[in-house]
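J.: Protein chains in written order, with the numbering used here: chain U, 1 to 218; chain S, 1 to 184.
If you are wondering where the hints come from, they were derived from the structure by calculation, not from laboratory data. It is possible that part of the hints are untrue.
[Unchecked claim] The calculated lysine-lysine pairs, modelled on BS3-like cross-linking and capped at a C-alpha distance of 25 Å, are:
no., chain 1, residue 1, chain 2, residue 2
1, U, K167, S, K22
2, U, K81, U, K136
3, S, K21, S, K2
4, S, K128, S, K147
5, U, K167, S, K102
[Said to hold, decoys possible] Pulled from the structure, derived: some chain S residues nowhere near chain U, Cβ distances all over 10 Å:
no., residue
6, I10
7, K22
8, C35
9, A45
10, A96
11, K102
12, D111
13, L136
[Claimed, not checked] Examples of chain U residues toward chain S, derived with CB under 8 Å:
no., residue
14, R102
15, R104
16, Q133
17, R139
These numbers were taken from a predicted model, which means no experiment stands behind them. Don't be surprised by glycine CBs; every beta carbon is placed ideally from N, CA and C.
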Amino acid sequence: MGKSFLKKLPALFATSDEQIMWRVQMADDPAAFARLVERWQGPIRRLCERMLADRHRAEDAAQETFVRVFSRRKEYQAQGKFSTFLWRVALNLCYDELRRVRRRGEQPIDASTAENHAPESGFVSSEAAPDDQLVKLERAEAVQRALRQLPDPYRSVIVLRHYENLKFREIAEVLDIPEGTVKSRMAEALTQLGQLLREPKNFKPPTSSSIRKESLIV
Amino acid sequence: MKHPARDEWISYLYDEVAPAKKSALAEHLQQCPECQAQLGGFQQAMGALDEWTLPAHRRSSAAGTWLKWAAAAAVVLSVGFAVGRSTASGSREIAALRSEMKQLVAQSTADANVETIRLLGELNESWKTRLQAAQLQHDNDYASLRKELETVAILTEASFQQARQQLVQLAEYTRPASADGTRQ
Chain U
1 MGKSFLKKLP
11 ALFATSDEQI
21 MWRVQMADDP
31 AAFARLVERW
41 QGPIRRLCER
51 MLADRHRAED
61 AAQETFVRVF
71 SRRKEYQAQG
81 KFSTFLWRVA
91 LNLCYDELRR
101 VRRRGEQPID
111 ASTAENHAPE
121 SGFVSSEAAP
131 DDQLVKLERA
141 EAVQRALRQL
151 PDPYRSVIVL
161 RHYENLKFRE
171 IAEVLDIPEG
181 TVKSRMAEAL
191 TQLGQLLREP
201 KNFKPPTSSS
211 IRKESLIV
Chain S
1 MKHPARDEWI
11 SYLYDEVAPA
21 KKSALAEHLQ
31 QCPECQAQLG
41 GFQQAMGALD
51 EWTLPAHRRS
61 SAAGTWLKWA
71 AAAAVVLSVG
81 FAVGRSTASG
91 SREIAALRSE
101 MKQLVAQSTA
111 DANVETIRLL
121 GELNESWKTR
131 LQAAQLQHDN
141 DYASLRKELE
151 TVAILTEASF
161 QQARQQLVQL
171 AEYTRPASAD
181 GTRQ
């Protein structure tokens, strides 16, 4: 118990996002804002990457999010959570970008490259054989393709709940909709995703190496 | 049998239900193949989602205005970390690194000293020249001022003498007139 208390100590003394944001609002303090950026750039970048399925556009959108939050710092209401404000700005930027991309009829730049969904540990890990890696990459690619086909509101609920681990209540605040709606969107999103993943068009024809792997298994 | 709503199963899957509700749902699930199938579908989709992992980011790749500050903080932190590491570990590599650092520091200090001395010399020279120039200017000014004063003095003396002569003349003119006056 003593140990867990000690573990919680730094959190007790850490300055909250809201306190820092208050400082940013009152004193226009860029150094304080830099702390918020440091705390949140990872999650925001991940959100953009999942929403846009394009690493380079995601980088730009994440950067733009912080620029926009700083320039609209006076609009932030202190009674709300800073992260809610931040997620909302990022998500709206992602929607804008997706609209732009669709209007131009562009494809995500690196949607089909392995770089976008390589496992965290890098390409070659000690446990998995190269063929296993390839199968994993193909599956990840299929998931990514299926997610791209979901309507934006469904995808955003999946990204916030499943990948970024926000509670349904928090997502409801970010999206400014009832919590029940968030849950039904999640149910619908998972149902549609399952259907999309069962469609054969979402899977590439297996490559020579994966065929070899399968024949080894059989 | 009344089946729980889809939303309830979603909360259940993401572990966002109260303990009492959770056990009730689990109990229902055990005896309801329909709900089992539904839940299985959700779980399959959730499992698929887990397969898309993102690669770790290189911090420098998004160096924007804000991120530069973050980078500065990271540099400070890593320097602190390096110092901490070097003091904590006594391995040979660290020792070698440290002696190399020492040499580097000594070398750069020596270089800096030489440069400082050279700069000081330069400064000294320039001051000397300036001082000499100022002295010369001062002397010149003094000499010319003295000359001018002497001229003024000579001129003044000349005009004094002239005034005295004029006074004498004036006295000589007025004396006969007053003598005449006393005669009348």
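J.: Against this structure, judge whether each hint is valid.
T.: Status of each hint after checking the structure:
At most 25 Å may separate the alpha-carbon atoms for a hinted pair to count; K167(U) and K22(S) meet this at roughly 17 Å. Under the criterion of a C-alpha separation no larger than 25 Å, the hint pairing K81(U) with K136(U) is inconsistent with the structure, at around 37 Å. Among the hinted pairs, K21(S) with K2(S) is consistent with the structure: their alpha-carbon atoms are about 15 Å apart, no more than 25 Å. The hinted pair formed by K128(S) and K147(S) fails the criterion: a straight-line CA distance of about 29 Å is larger than 25 Å.
This hinted pair does not check out: K167(U) and K102(S) have alpha carbons roughly 54 Å apart, beyond 25 Å. I10(S), annotated as away from the interface, has a beta carbon of chain U within 10 Å; the closest lies near 5 Å. Under the 10 Å C-beta cut-off, the non-interface status given to K22(S) relative to chain U holds; the minimum distance is some 15 Å. Listed as outside the interface, C35(S) is consistent with that label: its C-beta sits roughly 13 Å from the nearest C-beta of chain U, beyond the 10 Å cut-off.
With a least beta-carbon separation of about 4 Å from chain U, A45(S) fails to lie farther than 10 Å from that chain, contradicting its non-interface assignment. With a minimum CB-CB distance of about 30 Å to chain U, A96(S) clears the 10 Å threshold, and the non-interface call stands. At roughly 34 Å, the least C-beta separation between K102(S) and chain U is larger than 10 Å, which holds for a residue marked as non-interface. With a minimum CB-CB distance of about 34 Å to chain U, D111(S) clears the 10 Å threshold, and the non-interface call stands.
The beta carbon of L136(S) is kept farther than 10 Å from every beta carbon of chain U, the shortest such distance being approximately 55 Å. At about 21 Å, the closest approach between the beta carbon of R102(U) and any beta carbon in chain S exceeds 8 Å, and the interface hint on this residue is violated. With 8 Å as the threshold, the beta carbon of R104(U) stays out of range of chain S, its nearest partner Cβ sitting at about 23 Å, so the hint is violated. About 12 Å separates the beta-carbon of Q133(U) from the nearest beta-carbon of chain S, more than 8 Å, and the hint is not met.
Taking 8 Å as the C-beta cut-off, the interface hint given for R139(U) holds, the closest approach to chain S being about 5 Å.
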